[in-house]
Amino acid sequence: MMASTAAVTGGAAGELGAPAASPAAHQRRVGARIRAGLNHISFITLAAILCAVFLCYPVLDTFWLSVHNVNEFGQAQGFSGFGNFSTVLHDPAFTGAVLRSGIWTVVVVGVTTALGLFVAVLLNQPWRGRALVRSLLLLPWVSSLVVTTLLWQWMSDPDFGALDHLLRDVQIIHGNLSWLGSAGYALPLMMWIAIWVSVPPTALIMLAGLQGIDRDVYEAAAMDGTRGYRLFVDMTLPLLRPVLTVTVLLNVIFVFNSFPIIWILTEGGPLGSTNTLPTYMYNLAFELNEMGAAAAVAVFMFFLLLIFSLIYTRLAWRNVR
Amino acid sequence: MSRAAEVSLDHVVRGSKPGRVVTRLAFGWVVVILLAPFVVMALTAVTGNRAIAVLPARWIPKQVAWSNFTSAFTAVPLARYFLNSTIIAGGSTVLNAFAAVPAAFALARLRFRGRRAFLLFIIATQMISPIVLLIAAFKLMVVLHMINTYWALIFMDGSVSLPITIWIMTAYFSGIPQEIQDAATLDGIGNWRILVDHFIPLGIPGIVTALVFSFVIAWNEFLFALTFVTNPTIRPLTTGIYAFVGEAEIQWNYLMAASLLSIVPVLLIFLGIQKRLAAGLVAGAVK
Numbered sequence: 001m002m003a004s005t006a007a008v009t010g011g012a013a014g015e016l017g018a019p020a021a022s023p024a025a026h027q028r029r030v031g032a033r034i035r036a037g038l039n040h041i042s043f044i045t046l047a048a049i050l051c052a053v054f055l056c057y058p059v060l061d062t063f064w065l066s067v068h069n070v071n072e073f074g075q076a077q078g079f080s081g082f083g084n085f086s087t088v089l090h091d092p093a094f095t096g097a098v099l100r101s102g103i104w105t106v107v108v109v110g111v112t113t114a115l116g117l118f119v120a121v122l123l124n125q126p127w128r129g130r131a132l133v134r135s136l137l138l139l140p141w142v143s144s145l146v147v148t149t150l151l152w153q154w155m156s157d158p159d160f161g162a163l164d165h166l167l168r169d170v171q172i173i174h175g176n177l178s179w180l181g182s183a184g185y186a187l188p189l190m191m192w193i194a195i196w197v198s199v200p201p202t203a204l205i206m207l208a209g210l211q212g213i214d215r216d217v218y219e220a221a222a223m224d225g226t227r228g229y230r231l232f233v234d235m236t237l238p239l240l241r242p243v244l245t246v247t248v249l250l251n252v253i254f255v256f257n258s259f260p261i262i263w264i265l266t267e268g269g270p271l272g273s274t275n276t277l278p279t280y281m282y283n284l285a286f287e288l289n290e291m292g293a294a295a296a297v298a299v300f301m302f303f304l305l306l307i308f309s310l311i312y313t314r315l316a317w318r319n320v321r
Numbered sequence: 001m002s003r004a005a006e007v008s009l010d011h012v013v014r015g016s017k018p019g020r021v022v023t024r025l026a027f028g029w030v031v032v033i034l035l036a037p038f039v040v041m042a043l044t045a046v047t048g049n050r051a052i053a054v055l056p057a058r059w060i061p062k063q064v065a066w067s068n069f070t071s072a073f074t075a076v077p078l079a080r081y082f083l084n085s086t087i088i089a090g091g092s093t094v095l096n097a098f099a100a101v102p103a104a105f106a107l108a109r110l111r112f113r114g115r116r117a118f119l120l121f122i123i124a125t126q127m128i129s130p131i132v133l134l135i136a137a138f139k140l141m142v143v144l145h146m147i148n149t150y151w152a153l154i155f156m157d158g159s160v161s162l163p164i165t166i167w168i169m170t171a172y173f174s175g176i177p178q179e180i181q182d183a184a185t186l187d188g189i190g191n192w193r194i195l196v197d198h199f200i201p202l203g204i205p206g207i208v209t210a211l212v213f214s215f216v217i218a219w220n221e222f223l224f225a226l227t228f229v230t231n232p233t234i235r236p237l238t239t240g241i242y243a244f245v246g247e248a249e250i251q252w253n254y255l256m257a258a259s260l261l262s263i264v265p266v267l268l269i270f271l272g273i274q275k276r277l278a279a280g281l282v283a284g285a286v287k
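Protein sequences, first through last, are from chains U and F. Just so you know, we're using my numbering here: the first sequence kicks off at 1 and counts up by one. Just so you know, we're using my numbering here: the second sequence kicks off at 1 and counts up by one.
Just to be clear, a hint being listed does not mean it is correct.
Covered by chain U, per the in silico footprint, the following chain F stretches (three or more residues, Cβ under 8 Å) [stated by the list, open to error]:
#1 37-46
#2 83-95
#3 99-109
#4 154-160
#5 196-209
#6 267-273
I should point out that these hints are in silico values taken from the structure, not numbers from a laboratory. The beta carbon of each residue, even a glycine, is placed where N, CA and C say it ideally should be.
Could you build the full structure based on these sequences and the hints that come with them?
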């Protein structure tokens, strides 16, 4: 992502030059340049307006709201400085949500990356039925999170669910296990759902990256006598690094901000025991009508991700190029 | 490369035989775990009303109740939800196309002042996630009188996916030979004509890939739909299916039948462009 910026922007300067011969010619040239400029700007107008109105303005307004007293209709009533932030920081439920968001993101992205890489490497080897498996892996990806979450809700039903049914059949549990009813099992189940929906797209993107690696590289390594596992660690992983870097970053952003799984299953409950920052914020804004405090949480989330992304990309792209 | 060399190279890459068996078995399990829930979904979708409530639960229903697929349409306004999702996802994709195609062309092929700024702007907006801008976006929708209209979702969904579609299309347009543009410019053809006559036809694969992403993001969008639309007649499939759950007794067999049907359009589209799907994303992300 970052490396491409330099590559694409490389030729931005130049082409403006050649001193004018006469005032008239100069004027003509300036006119032409303005016309060319307007012509070029016309291509980006609609995109720029949409981004400005529906993405940038709301973000700026969120910043504005976070430092104001806000009524339940979302109207700012007066400057409050860091009042909203201080309210939120003193809420033990917020601290819990931050902690849970951290665990949630690290576990889900970690396991997803490992499993995704494993699946991608095996899908990159030639075997019969590979195309079929690759197509079937689109299923969790194309289903909306609502559908997959409800599917898992149904499967974790203590009486009729497939999960308990299976665990009873293999004698791991006797009787019923209420996954969503017990604080110790609800969040792990949600993390598993998040992993389960994230692995297929991650694997398919990594697979595309693997297919982009030149086979000659492997042949050269094979000549040197490098085999199997070492080949993977010494050749595949370094060559796949740009793709790995990007998938991890994108997954961190998506997973950290993930809302539907937890909201659909428990709305963050019981008693906030499954709240992460997104559900905590949503609850604050639309159930408790605490718009100012909710905006403060949104700003906090924004900066947390921004700081992470900056540090991460700096570390990840060090030594590259 | 000869066939023999290919086989031996694969052998080298895969490693020793016992190791291979273990990895194959592990892989098989992972695939089963990833796909088994959909088997459960399909089996539940064809379980009859009485059979679904009988304990102990059966894996395979004794009778296949195909009627669930039609009953789901009468139990909830499923047809309405399908129509709404089509309008919302279709509308936001069209909006996205009109905004993203010219913008990507400009980024890839035109040299203008403010180009770098626009590029940074696009990268920065890519970092913005729906949950962060939700509160202020809700306010904005109230001001624009778009709450409980298709427009709220068309504009938000179409805008949220703009950075990624512009990104994918820019990567694709950058790969089109410069001579085509130069020749047309020498003939005195304007930039818009060049875009419409040459770059759009040549860039169709990249454009379609990007727009599929836009469509699927909108089709599966939940957060905005939940917040901006409470009127059941405007509701898309996602919040429509979710509303199933709010009712006293969940008819899980109907719910699974409806869910299965909701996946079909997106799956067909994805299968159609499967080859380019991930490649397009990787190109957009790292090229």
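Annotated coverage of the stretch 196-209 of chain F by chain U, confirmed only when three residues or more have a Cβ within 8 Å | violated (count 0)
Do at least three Cβ atoms from the stretch 154-160 of chain F come closer than 8 Å to Cβ atoms of chain U?
-> Result for this restraint: holds, n = 5.
Under a C-beta cut-off of less than 8 Å, do 3 or more residues of the stretch 37-46 of chain F approach chain U closely enough to confirm the stated coverage?
-> Satisfied; 5 residues make the cut.
Take the stretch 83-95 of chain F, compare each residue's beta carbon with every beta carbon of chain U, and decide whether three or more fall closer than 8 Å.
-> Coverage by chain U is violated here, the residue count being 1 at a Cβ distance below 8 Å.
Three-residue Cβ test at 8 Å for the coverage of the stretch 99-109 of chain F by chain U | holds (count 8)
Under a C-beta cut-off of less than 8 Å, do 3 or more residues of the stretch 267-273 of chain F approach chain U closely enough to confirm the stated coverage?
-> holds (count 3)
Checked against the numbered hints listed earlier, the structure breaks hints 2, 5; every other hint is satisfied.
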